[in-house]
Structures are given as structure tokens and as C-alpha cells.
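Trainee: Produce the entire structure from the sequences given, and follow the hints as far as they go.
In terms of the numbering used here, the sequence shown opens at residue 3 and continues consecutively.
Derived from the structure by calculation, the hints contain no laboratory data. Heads up, some of the hints might be wrong.
[Said to hold, decoys possible] List of simulated lysine to aspartate or glutamate pairs, DMTMM-like, C-alpha gap at most 20 angstroms:
{"hint": "1", "residue 1": "K100", "residue 2": "D89"}
{"hint": "2", "residue 1": "K150", "residue 2": "D25"}
{"hint": "3", "residue 1": "K100", "residue 2": "D62"}
{"hint": "4", "residue 1": "K85", "residue 2": "D25"}
{"hint": "5", "residue 1": "K85", "residue 2": "D48"}
{"hint": "6", "residue 1": "K100", "residue 2": "D10"}
{"hint": "7", "residue 1": "K85", "residue 2": "D32"}
{"hint": "8", "residue 1": "K85", "residue 2": "D62"}
{"hint": "9", "residue 1": "K85", "residue 2": "E74"}
{"hint": "10", "residue 1": "K150", "residue 2": "D32"}
{"hint": "11", "residue 1": "K100", "residue 2": "D90"}
{"hint": "12", "residue 1": "K85", "residue 2": "D71"}
These numbers were taken from a predicted model, which means no experiment stands behind them.
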Amino acid sequence: MPTSNPTDILLTHNQWATHSVLDACAQLTDEQFHRRFEMGPGSLHDTLMHVLGAMRGWADLLAQRPRRDRVEAGGPYAIEQLKSLLDDAHDDLVALVKAHPIDGEITGERGGDPYMFTRGAILTHVTTHGMHHRAQCLNMLRQMDVEKLPPTAVLEWLVMVDGQG
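Mentor: The structure is reproduced here in C-alpha cells:
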């Protein structure tokens, strides 16, 4: 039966779509994967690393635990390492969403300023942030004349994966 819970859809699609971009990047040379562009964090590698770093950072806030070292502080990462980081961050977010009410409030600090969000707002930000940067990745791939761009849209996931159950 197809998924109907919006939280499950957002998280599962986010993981699937990011894997789709990583799979497309696996076909590139190392030079192409690290090629600089005047958008986002600057390369496919750095953009994907940023997405995964954000997922981990927001998971740390949702868990109310000390923030781990930034993913961006390490690297460069191979595709398989990025996939592993993605799966770990996804599993962490899923567990945290299931463990706490979606309308629960989280307080944090950014740049010395305090803020408060609901868990649902954080989840929405994490997944739409990923979509924003995956669109940049598609643009980078397009600029490198990659003929078959990876599927990343929610509708594509619905048709290709979720609707197949």
C-alpha cells in the first residue's frame, strides 16, 4: 500500500532522491564531481556534503544532544562514504521523529541568538533544504551535459517506488 503519512513521505523521499543524485555522481570522474560552479556550496561533492551535514546537525538538535563535528570539516568523501552518511542521518531522523511528538517544541541557538521551532518545522526545513540543493546538483549535472538526469521529484518517487508496493 502506498505511503500516506506526510512525515514518512518527506523523509523517505529525501533519502531516495539524494541517493538518486549520488548514483548519478558515481558515473562522473573525480574531476567532474569536484568541478567548481557559481552556485550553492560550489561543487556536486560540496553540495551533497552540505546536505548531509545539515541533516546531521538538525538531528542533533532534535535529539537535544551536543552537536557532532560538521561533516564539512572532514572530507573529501567518496560516493560510498556519502551514501553511508546519508543512510545514517536518515535513520537518525526517522528514529527521532518516531520518538517524539511532531508538534513538540525545540529550542536552540544560532549565531548567539535563541530560537524555538516545532519538530515538524525542523523536519520540513531539512527535507525542503535537501530538495533545494538537489536542484542545484541537477543544474550542475546539466551544465556538464549529463544526458539522463537522475529522478528527484516527489512525483517520480511516488511513481517509481512508492506506488509499486
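Trainee: Let me make sure I understand: some of the numbered hints might not hold for this structure. Which ones are they, in numerical order?
Mentor: none
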